[in-house]
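Trainee: Sequence:
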Amino acid sequence: MRNGKEKLIVAIDTNEFDKARELIDKLEDSVDIFKVGLEQYVATRGKTVDYLNEKGKKVFLDLKFHDIPNTMQSAVRAAVRDKVWLMTIHVSDMEGMRQCALAAKEEAEKLNIEKPIIVGVTVLTSLSNQDLQDIGCNMNTEELAIKRAKLAKEAGIDGIVCSAQEVDKIVEACGKDFVTVCPGIRPASSEVGDQKRVVTPADAINRGAHYLVVGRPITKAENPRKAAEKIVNEIENA
186 MRNGKEKLIV AIDTNEFDKA RELIDKLEDS VDIFKVGLEQ YVATRGKTVD YLNEKGKKVF
246 LDLKFHDIPN TMQSAVRAAV RDKVWLMTIH VSDMEGMRQC ALAAKEEAEK LNIEKPIIVG
306 VTVLTSLSNQ DLQDIGCNMN TEELAIKRAK LAKEAGIDGI VCSAQEVDKI VEACGKDFVT
366 VCPGIRPASS EVGDQKRVVT PADAINRGAH YLVVGRPITK AENPRKAAEK IVNEIENA
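For the sequence shown, the tail end lands on 423 under the numbering used here, and the numbers increase by one without skipping.
One thing to keep in mind: the hints can contain errors.
In silico DSBU-like pairs for lysine-lysine, Cα to Cα no more than 35 Å straight-line [what the hints assert, rightly or not]: (1) LYS361 x LYS415; (2) LYS405 x LYS242; (3) LYS190 x LYS204; (4) LYS338 x LYS240; (5) LYS361 x LYS335; (6) LYS190 x LYS249; (7) LYS243 x LYS361.
Just so you know, these hints were derived from the structure itself, not from any lab.
Use the sequences and the hints to build the structure in full.
Mentor: Shown next as structure tokens:
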């Protein structure tokens, strides 16, 4: 596979802007896409997004919008104005998701910029089958992810966030063009951490994943640039 950099997303896991900026600068030549999560975004008041835009990097804004439809579409419009490349919403009601998809399209057209990718959150990678049972869900993680993926596609959402363990089934259910973003990616030598459903980069690509989110194996490495390049090579050799 050519250009593994186009598949790799590095999760910025510090809440301090100066440390985030330092990480971005270290990875500038090795990574094109960075994920800014909820805690990081709030703690830095969005400064990291602004800095990534200044550096010409792609921003994955992972705020997982989940509210009433009017509030969600307003949040999506604001994210478009921030020039994010990809954003997350929770897979919820059909009308709410449709409004988000339409809001992104309209706002991008108004600003004459490319419409960001919107992906739905199906099942958080920290959840196990037992966790779902504990909250009264009679499906396992794979069944729930597939059901929610189908709903998202029907509503006009571009893709979903899911465990790489479910990617092949989601591709089968929703098609190869339906975008899959997979967190919980760990090189074989890495610790699992707090995500219970993890897969290696090569395995994820071979299952059909479009984008891989990697955090600590890169950001906590002694040499983050070399760690990122190693994963890019693994993607390209998958």
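Trainee: It remains to establish, for every hint, whether it holds in the given structure.
Mentor: A quick look at each hint next to the structure:
no.	hint	result
1	LYS361 x LYS415	holds, 26 Å
2	LYS405 x LYS242	holds, 21 Å
3	LYS190 x LYS204	holds, 22 Å
4	LYS338 x LYS240	holds, 32 Å
5	LYS361 x LYS335	holds, 13 Å
6	LYS190 x LYS249	holds, 24 Å
7	LYS243 x LYS361	holds, 22 Å
In this structure, none of the earlier numbered hints is contradicted; all agree with it.
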